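K.L.:
Note that the protein sequences, when read in sequence, are chains W and P.
Just remember that my numbering sits 196 ahead of the position in the first sequence, which is counted from 1.
Just remember that my numbering sits 1322 ahead of the position in the second sequence, which is counted from 1.
No wet-lab data here; the hints were simulated from the structure.
It is possible that some hints are incorrect.
Stated by the list, open to error - Short, incomplete list of chain P residues facing chain W, as computed with Cβ under 10 Å:
no.	residue
1	Pro1341
2	Val1344
3	Thr1347
4	Ala1348
5	Val1433
6	Glu1436
7	Asn1502
8	Gly1551
9	Arg1583
10	Asp1938
11	Ala1945
12	Ala1948
To be verified - Covered by chain W, per the in silico footprint, the following chain P stretches (three or more residues, Cβ under 8 Å):
no.	region
13	1350-1364
14	1503-1509
15	1777-1784
16	1903-1911
Given the structure is predicted, the values throughout are model-derived calculations rather than measurements.
Cβ atoms here follow ideal geometry from the backbone N, Cα and C, with glycine treated the same way.
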Amino acid sequence: MARIRTTVDGLVYEDDVEPRMLLVQYLRERLGKTGTVIGCDTSNCGACTVHLDGLSVKSCSVLAVQANGSEVLTVEGLERDGQLHPVQQAFHDNHALQCGYCTPGMIMQSIDLLGDNPDPTEQEVREGIEGNLCRCTGYQNIVRAVQDAAQKMKPGATASQPASVAGGGA
Amino acid sequence: MTTMDARSMGTSVRRIEGPDKVTGTATYAGDSVADGTLVLHPVQAGVARGEITAIDTAAAQALPGVVAVLTHRDAPTLGDTGDPEHRVLQGTTIHHRGQYVAAVLAEHAEVAAEAARLVVVTVDENPSTTGFDPDAQAYTPSALANGQPPDSGVGDPDAALAAAPVVVRASYATPMEHHNPMEPHTTTATWVDGRIEVFEATQGVESSRQTLATLFDAEVVVHASHVGGGFGSKGLHAGTVLAVLAARTVPGRPVRFALGRRQMFETVGYRPATVQHMALGASRDGRLEVVTHDVVGATARYKEFVEPAGGSTRSMYAAPHRRTSHRAVPLDLDGPTYMRGPGEAPGSFGLECAMDELAVALDLDPIDLRVRNEPEVHPENGLPFSSRGLVECLHAGAERFGWSSWDRTPRRRLVDGWWHGVGVGCGTFPTLRFPGSAAEITFTGGRYVVAIGAADIGQGARTVLTQIAADALGVDVGSITVEIGSTQVPVGSIAGGSAGTASWGSTVVEAADRFRDKYGENPDDGDHADAATPDNPWAGEYAMAAYCAQFAEVAVHADTGEIRVPRLLGMFGVGRILNPTLGRSQLQGGMVWGLSMALHEESVVDPRFGEVINHDFAGYHVASNADVRVVEAEWIDEDDPYINPMGAKGIGEIGIVGVSAAIANAAYHATGVRVRSLPITCDDFLTSGLL
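Bound conformation, chain P alone:
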């Protein structure tokens, strides 16, 4: 078993659609401005829980320019996808504030918005709980969001903690966060003769097609030529259903629903808050005897999603006694969902901060502590690792970062009024391959046309699939045309779970192999071959994951507590990087997400109303250019023959993992103040009494 030979893979082929994006000609879901397009504006619930008793649409319908007003009274019964979020306008029950309860269709956006405000919704309000209290009554979910069991255990962790010579116990909190891709969720839908055509901001055209086909019992075509970021939020949400419901009432006319930024804080998911109770027990020479990671997380009452925050603790470090558990507190909010590094991003904050605290308790370098606890096999299931670059990342990163030049004692470096310190945090993310894609390769006009319904949400699917196809066929990239982003080409699985490229790429390689087997090196015009995603013969034989070591330098102002991050270095063990320019950008982008998570991002719910009160970019701060300084992403050489033919682990998620812990650990090193709750702000230092 070896990875395939690379000629184009591993080189920085320029982004294929770059010229379209710098000229404004790349088309997104809202860019179809056909004549006669109607604009949808929703009416949203103003309470968190209740029953609609009346809706008065007369004033809205009387407004010139209004074409239709939809309510639950006239909406057709939808098919059942099993997802409560898809039951749009199916009844009178309000499950969360911001839920769509009606919609206005009008000829112009301004009219639609005005008319929506004229709809009067009368509601019997019911008591609701929308503030996350980690000590509230919690339940044990049947499974985590990724399908894994909520609890895991080896040995007797409680007894081991009682016996361990050195024990660290601490609780860590991560807040509700919203994805905020730059492109708001947008649907442009047309219903003609029982056929629905949708231009959709989605991470998966085929999954969107399947959902809409089930809901509407119709033929559905979905296009997503370019998608302005997703980060987990661009599955199919209620807004898409609402837009198609509306399109159904005006056959032949396109209907566009472009969410406003504020609606994105109410209807397209978020990362739920967690509180993570950590306990680490070790021998005096720094060998872990026991690791426990007990998570209490928020979920939605009407739609369960349990963040798998303890997941990475199951594989990161060796310890004979171990436990992870997840409990869920139901809230009357819209449903949480996957957000970049789901599980691992918040979970690594708990584990990696606790490891730092243990290193302090042991008076050990935190890198040495991690190296001493490197497992030989997966510590829970006993599988060997297909490859595991964590220790190499730690060593290579430490050298590049200049780690050894820093005195490990906290509060030692004060420069021009700023306390400086450094910290490390590590991470992992599973290497997955989703089944269900199909690829078709056709030789036409002297070119190989490679068709697969992949989604390019910014990661560069067009470009890397071109490279993979070129190498699999043994031709130059200039001979390849890749067609993606539509259900009118063979099906593609979603762009998510850091599995897009691995899944589509494995399928393209299989199709290329079949093409060459059938037609050799000199095909005739029109020759074609196709293939479905092959199973990985090594699945279940090896534990497969990406790893990283993140290094941060932090400066905290001695008077104000202002915290800055002058330097981040991420060292990654992610198999073969298919395109260094694209890959580095994606990893750096993930690291800046980590910085943003560490210092800025927090969705604040007003528990009286169930509303995210900082529901725009004025109140919800994501890292801006001026928040960022040096961010370096580097990787180790890693040849993993077991994961997929390309030897490429996914890189979409791993960039964020471990960063917030590295920054919190660096802040401790700089100031002596241990912050265990994100985001880290000035108050954490000012109220510590230490500055």
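Isolated chain W (complex conformation):
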């Protein structure tokens, strides 16, 4: 067993974990954060994407012990004062989901993309989140949602809420 101390969605957790435990298992089984889901086990589908110290990672390919001393942000930690993050809002507004299983990871990766590139072209969105698979929507509304969120997050944009900085911990 290894002792880890991790900040997840703004709260500090200390736990003994097996060194072989995956971060996604830790989030789901130990912390009950089932908003982050498992899709493929091989880091291809992106359904389990979270942020680790502000960078997106596929949490099925990170050990829980690697998150020791780090900040983890999941889809469950995005809301601020009861307001959806602009990317969450844009995914709902643009109907960028169907079954919803890829959605948490897709949102986390899109936030990471917008942190790197606040105003991506359509092709930049497609390539920037190509590591997140969706089997339902055909991706059209997802691309639209990311570009919509980019506009709403621009400084001075008249969003219904303050534009949140992409990435980052709590």
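Got chain W; can you put chain P on it based on the hints?
P.N.:
Relative to the frame of chain W, chain P by itself:
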């Protein structure tokens, strides 16, 4: 007979559970993480055929954290559902590689996986056949997977082919494909006092309940609040049975079995490979004299499923002489099953590519060829069509796509090193209504609660049933609460066959009519009415189906043979679209399935071992965001009063149908290379000698 008035239907009501899905609070079958939940990891057969002679579980049982190891030795005798796949741990015979032969229950996933590897299974291996050879000994099945007869015929097709002035004969191949919904199949089961409660990733809570009740002779409750896609794969498979068997050994404790992606290539079905021998004979002015579509398809030796790939050829085009046939080659693999556009998706590749080849042989525009062969009535059974939008879809789609601006001669447009071309492929899918649902409407607290055991697998059942109920009751959608996804509400038929909304919606409308008849416009609190799915009085009087025309622009790199699809347009004749935003998304998603089928998807079996070797997303490529460019889905106005009160044909399947043919035909137009086997890859062009 008219369709019902629409106020909410036809408008883009926002997806009801959208906020839950963007916040990660929508719960799937694996999200129940109650304390004490045990994790199941299976032990799977490593050979395709054989007999188990011994299982040594000692090392696994000795591992700390292991609670139980199940084998056939201690499994109870299950009831008979008639489905061999459900006979889990019922004996020593191995029918396919990956079959469950034991299971470990442990307190943590890591321990369960480690212990499963410690179980030693000794097997007497028997010879097996797992590679699909279309020339192998095949048999005639008694029926296709959809219940239709394997063969059909009119006139004398062989004589007509011998006499026809223009004949195209070609064979087309489609591979084994796996559904790969994003949510792996998952069961969380608890057994308490002879009662089983299951949280299940399923396309039908009631069908799952019935199956489990038969197998275990117990009271069963099934919940499926949200389901992460299905596409035909989320019927009840062996994994669910294994999980409930395990739960039975630990009464009161929840047991969770979440399949890994690799297990989804071994235990939850697939679309079987086909080879389709097509022959079309026509007059010189492009009238079909004869169509034959002879299919050889793979099936499983232990569980028959015959892909009805020739089905749509029975209705697509007029021809006085015609034949379809289906033969099956049995393999020692797990059982095939329905996969999006079952029959029609692979079958339209054969028929619609052959039509394109005939158009070339006749020097006719492929749209004109199809229009000339539009039937007035169903060409096999003579029924009139309730509505048939194929020609309108072709014309409307061609105009929107800019079809006429392209020279029909192949290999004419080379832009920046890429050959560009366009192609069309058409399709149909039956409009069905499944019997057996029931809906209950209760007026409570000023709201109408509409309960029916439907499944929302991503298509948006909550949302469209709310719209249907609102219009049927004549109230705003804000007055409706829909309760679905459980066997604790009245029964619902499956989400499948493009029949979910039609079946549930017809039932809800019937219940709403009864409610209004009983209580009028001002009901009292607690008033309620219920109804079963009404029969369609027009069934058997009309042929009912959706239609589409799919247009593709393809670019093939002149040096590398890389193929891209810069543009897809699908034009659909699907009756009333109940919610344009949801409907367009579903149709676009289907079209991207078609793109993925055309260019990427192929499950490769190693015939020495019976294993799908590309059994994960690293090896089995489904279309990613970067593979997709412009995908447009549009529809014609179509008022069909004969199909159901909503006038809505199903849209889950039709989106994929015809797309792979449109892309293959466009690739021919771009390069002059005719590819008759899916998926289409660089090698097809590089080895053609034409690039």
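K.L.:
Give me the numbers of the hints this structure contradicts, sorted from smallest to largest.
P.N.:
Checked against the structure, no hint fails, so every one of them is satisfied.
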